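Student: Build the full structure now, drawing on both the sequences and the hints.
Residue numbers (our numbering), protein chains in the order written: chain X, 1 to 1018; chain P, 1 to 552.
Certain hints may be false.
In silico SDA-like links for lysine to any residue, alpha-carbon gap of 20 Å or less [as the list claims (entries may be wrong)]:
1) X:Lys523 x X:Phe71
2) X:Lys540 x P:Gln320
3) P:Lys346 x P:Leu461
4) P:Lys310 x X:Val435
5) X:Lys428 x P:Asp360
6) X:Lys492 x P:Gln320
7) X:Lys142 x X:Val675
8) P:Lys310 x X:Arg497
9) X:Lys492 x P:Ala362
10) P:Lys268 x X:Val675
A few chain P residues that face chain X, going by a derived Cβ cut-off under 8 Å, partial list only [claimed, not checked]:
11) Thr45
12) Ile113
13) Arg115
14) Arg204
15) Gly292
16) Gln294
17) Phe400
18) Val541
Derived by calculation from the structure, the hints in this document are not laboratory data.
Nothing here was measured: the structure is a model prediction, and the numbers come from that model.
No residue lacks a Cβ here, since even glycine has one placed at the ideal position from N, Cα and C.
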Amino acid sequence: MHNKLFSHSKKVWFKIDSKSKWIAFIFSVFCLVEVYSSNDERATFSQQNPIIISGSITDQDGEPLPGVNIFLKDNSSDGVTSDFNGNYKITVNSESDILVFSYLGFQTLEYQLGGSQVVNVVLLEDIQQLDQVVVVGYGVMKKSDLVGSVTSVKVDDFINTPTSDVQNMLKGRAAGVQVTLNNAEPGGNSSILIRGKRSIEGSNNPLVIVDGVPVNSMDDVNPNTISSIEVLKDAASQSIYGARASNGVILITSKKGEKGKLRFSYDGYVTTQNLWRNFKTFNGYEFAQLKREAYRTDNGGNYVIDESVFTFQEQRNALQNGQFINWEDEIINDGAIKLSNSFNLSGGSEKTSFSLSLRQFSQEGLVLGSDYKRHDFQSNLTYDATDWLTIGTNILYNQGKKRRASGSLNTINSDPIGALYNEDGSYKTYPTGDVSFFNPLINRDETDNSSITNKYILTLFADVKLSDDLNYRIKASKNSFYGKYGTYRSSKESSGRGVNGIAEKDTEFSDWITFENILNYNKTFDDHTIYGTFVNSIEKTKWERTNLEGKNFPNDYLGFEGIHNARDPLSITISGNEKTLVSFMGRVQYDFAKKYYVYLTMRADASSVFSSSNKWGYFPSMALSWNLTNEDFLLNQTTISQLKLRASYGAVGNQAIRPYQSLGIAQEYNYLFNVGGSNVSSSGYSPNYQLANPDLKWETTRTLNFGLDFGFWNGRLNGTAEYYLSNTEDLLIRRSIGGITGYTQMLDNLGKVENQGIELSLNTVLIDTKDADVTFSTNFSSNRNKIKELYGDLDGDGKEDDVEGQYYIDSPIDIYYDYVYDGIWQQDDNISGSHMPEASPGGIKVKDLNNDGLIDADDRKIYVRQPDWIGSFSINSRYKNLDLFIDLYTVQGLTKLNPFLYEYNKGGSLSGKVNGIKVDYWTPEDPSTIYPRPTMQSIPFMKTIAYDNASYLRIRNLTLGYSIPEKLLESININKLRFYATAYNLYTWTDYLSYSPEVSPDGYPESKDFLFGVQLQF
Amino acid sequence: MKKLQYTILFIIFILSYSCEEFLEEEPITSLSSSWVYENTDGYQTGVNALYNLNRAYFGGEGQQHQGIPMLMSDLVGVRAGFPAWVYYSPLYVTPTAPSFPINYIWTQHYRIIDRSNALIASSVNFGEDIKSHEAEARMFRAHSYFTLYRLFNNLHLSLEPTTPENAFDIEYKVAAPRDIFDAINKDIDFAIEQLPWITSEIGRWTKASAKHLKAKVALWQSYDSETQAEDLDVDSYYQQALTQSEELINYGHYDLARVSDVFGSEDKPSKYSEENLFTINFDLELEGNNGGGQKHRMGTMTTARYQELKGVVEEDALGQGLSWAMPSNYLLNLYGNDDTQRRKDKRFTSYYIQNYTYNDIASLPGGVQVGDIVTNAEQKLSSEDYYRRLHPSLAKYIDFETTATTWSFSDIIVYRLAETYLIAAEAAHLLGDNDTGVEYLNQIRRRAYDLPITQSSTIDLSAAELDIDLILDERARELAMEGQRWYTLKRTGKLIEYIRDHAGHEPGFTNLIGGELKTDAQENILPHHINFPIPQKQIDVMGAPEFQNAGY
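Tutor: This is the structure:
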């Protein structure tokens, strides 16, 4: 039967214009195959008064729908499917039966029979996809049955971000999820914050689970193999992950094979990366003038002769012939290429299914000397061994090779007045003639800083069908990491040249073994449905790192790989740790008539990192939901298609501290004594500066969440609104203790942090016709973070604030605390009579916040570093074969300190020693009202000028695609062929002067990308 | 079939239940601290760790506090680099200053005290043979309290180890100076009794170094009446200082070395000599965890940036110079008014680098050859660059033993017999015995001029002219920048006066065009600077009496 249907399907392949319908058909046929095979024996008993109902099923446009499941409401196991023309025939027992029409991607229709034997129905497209299955951790649930706060991310919008940084792809795709770029270098990464910062000392990274296996980072996954991403946001959904879930959970499900159809797809793109910035540095002449001004200020306002300012011949030459060094040009590789090729082969036979993926990604750095290459391999395989046993394996492997450019972006701030090359074309060692300024380009070329990382995740599982309602899964996985990092500074590099080369080599490995028993129970009787899950899991993580250092090499040929040749002794450091976790989890969801839902979970976790009396933590949660859509009073109307209220409360933990912190550890403090003329090492051990805390325990976060899911006009307008209030207690804090104890800090469970916020996501289908669709989506999230309690008033000043740690009660965790910039003192100002009598014209004026006539520590204020709100807006549209995607992203209301506007080493201090962001500085002749007067002395309160508003609005993605009409592809057996072009980070509006509003100007620049890509499927 | 399934399930559950042991933590790469206090081998490592903690003050190139109080005094000119503490810049001499260096001094010494407390308290677990190790711990405790007292004055006194249980009961209370010195003296007396005169492991405390410290403590107490015991008069302190010094000088094993051998030279690279009483050991070969310590900054900060001279590249012994601090005009003049005179005092030629030589053929200026001594005639340096590159450097921290390192692994001599002589001289003078006093002083002088030590000579001073200022001058010539000057001036009550008069360079010292070396310390120092403030960081977590930081 299976094969027959299969061959049949081939015949209709070309007739059906909508591709997705065909897939759905195949899918539902397979579902029914199962149904049929188990029904054969029962069929004979149910034919007492057979009535045959028939009819046709179409969509709104009148297109026939093949493969719709039709069954009786009372007996869902007896069913048929519609044929390729949308026609069906079903045998029923009574005229009062209710027929259910169910089809993936369409709203399920219940039809009360009323005598007529011909029932033609029109199925409405389900824009909200309420039948969609959502992964919820240790199981799946229908979207319509969800009680907790779970956001599914649309993978299609996500995938066309041209980066190897999977976290960054998630940016703006889900409300409540804040993604911030850490490092834009090739192979760099971002960090994810879900619903605000909870932990001060512990990690704030969410738990990431790939196909049920916990991993370190989303980057372990090849984005092209992702089939769905779910973000668990409230305690009710998270608490099944107990002790590790307090920062949220991201569940990633990879693509699995479909039985019966061999499918091949290819995705590839090529990108050019281009420099974006919103500032300039001083050019040679301007910088020379800045230098003169700085000298002049320090010389009582009189200019110093050029010979004294530019003491080196190289500088004078450059000024004479007007040839300066453009450092940015020297280090930036504008137009650097990124390439991605991704292949996927999937399919299966009656008993097996498989999916194989391969990806190759390579990126030249926007900064010369850096690049990244990555290879991904993934295979998912399942085999139905018997009718009650399925076994399977998932294998994931990737390798990344990264090369870092030596030195930071500070090179752009180097003195431009000089010459780069010697007469023979080689780099000058001292471009400006000043021997304290070594040519950074030599350092770049003479330093090798590279790494190779390998990641393996192996999973084996067996599913045992214990009864119709009860399933058991046993799963074991091993997640291994092996990394090798090396740095070599050759004998020509500035620090290596005195010592004939310096090498450093690190190897790191970790093993993470997870073993799980999962029982799933699922039963519906009458109006009652119960889902139950019970899990037992154990985990063990082992980590070790070996660091080697050596110098003085016979030659530079082998680089850090030749570290054994070091003639000056190697230093070897080995560090390692182990941790274990044992957990039990139970979950029950009950609903009555799909209207009233109750959801209870309880997880108990025991982690080795806590003290022996505090190893176990218990994390209960509860949720209630009322699905008004299924109430009678909403049945006979078409305006409201979905209305569901949700409320949940529960607790989750954060175990993110390093192992051994609750033990008193003695560290090595070795010494040497001179014995008989030679130095002999002598072993020494002592506790370090941190006092052990034998009572360490979990950080616990309790979250209250209210949610509303709504859909109007058949889901044409749909969305979700949520409010949450979470309190984190027993905060792990490294509290300072008085030095008189012999220790300076101790890790302790103290303090409370509160987060509250609202999230809104909205989708509107503006146009939905055969030839064109336009969908508008937006999400908005706003979080308020507050420290509620610290460790009490230590110094007796009546305030609980931790000045040293920069933590203030009722303020967010991430702040700056400083004076407030108030302009520049001008010559006519009454300075001596002001609150800053010591100031001079051209100096920075700060606000006397408490109006006491002087500037002291009380005149500082809090600058908030977390945004007020984040939003994204996207438009997905199609006209015939053309598609257009526009994505805007905005972050609003945060302050970021710009080091290039105040730090001496980054030219911010206007000392004329280091070039910096070009600003309109103050001179007596041309008094600026914004920037101070250049000087070689430090400018008081310079930092206050550098607290910038780092809000931004960005056109993140603009994609135009064209799919070759299927008619043209038929003859060459190709299913889909789409070409697209994307402009990524096309434009950014921000006041923050940098290469990216999320990265300081000395960080690796974030590029503006132009991409061309192909998607092919057959 | 079902039964089979359930059985498998059951077995798996049972297997995964035994979790008590599974959850136990056992560190892989470290030891538990109880081992240190409960095991004989552990006890020994605990004592060794104290030497490491004591050395850590000089560990690492980034720790700029290393100049405090090693260099800060009237004897240095400061060019740049330091946390401006060294020249009392008002911007930095405040307890709330960013990266306040004094915090490290405070916490590190209390750390040594706490670990010593733990070792001393746990010595009851062991027999007699542990006593000499306990004595080492007591020396560290006494030494740390003595150092902290001299810097901060108002101390918390704790002789019990900190545990997680009592950590939050420990409150900062100012102890009576007399109680602090009572504890110090008890510890040193115990050490004098238990320690051997000579150790086969050079670097450890000995009876000799204990006696030297006892003499120093007694001399301090003789000036500081608050520290004196109620039943003792001031003469007994003078006598104590003299007795301890003389017992040490007369013991026989320790002796004044040739001046050129004290801090080593190209010919005799080691800093070990019969003059050493207590040294802090470093060794590049055993760098880091092998016990050799981290390269320190003392050498580079007191060496000119000679490597920035045209025709000169870094030399192995000198390493990389930073030119942060250099001998002041006053100090150089103490050796004589001109170069010829100064060179007669071998300390001037041995304790300082006077000349740099051309060593890089590739960048030689015209008219000179490799091996020639660099002069400003070829370099034509501005005043600022002269101080930066060509000024004399201190040789006391130059690492003659290690090659191919830009930073110093030179051993640091903390106490040496020359100082014992000078203590004896001062104690005798204070007792009114100027004849004895001046003889100790003259022996140091004769040694400096390569004369027979016990024969009177033309450079001798007379008993009649002996006074504190003269002793201070000789201490300056002998012990400059060895970390004693600041304390000595504070002890004798001359800190403010001497810094106001001498620190940095006076105008007109060189014939160069342009400005002088920084004289900021002269201008900046204020009376309250004789006590360091308790760091705000510490006040924030433990509170402090208001009078402590008065003036800051």
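Student: If any of the earlier hints don't hold here, list their numbers in rising order.
Tutor: Numbers 2, 7, 16, 17, in rising order.
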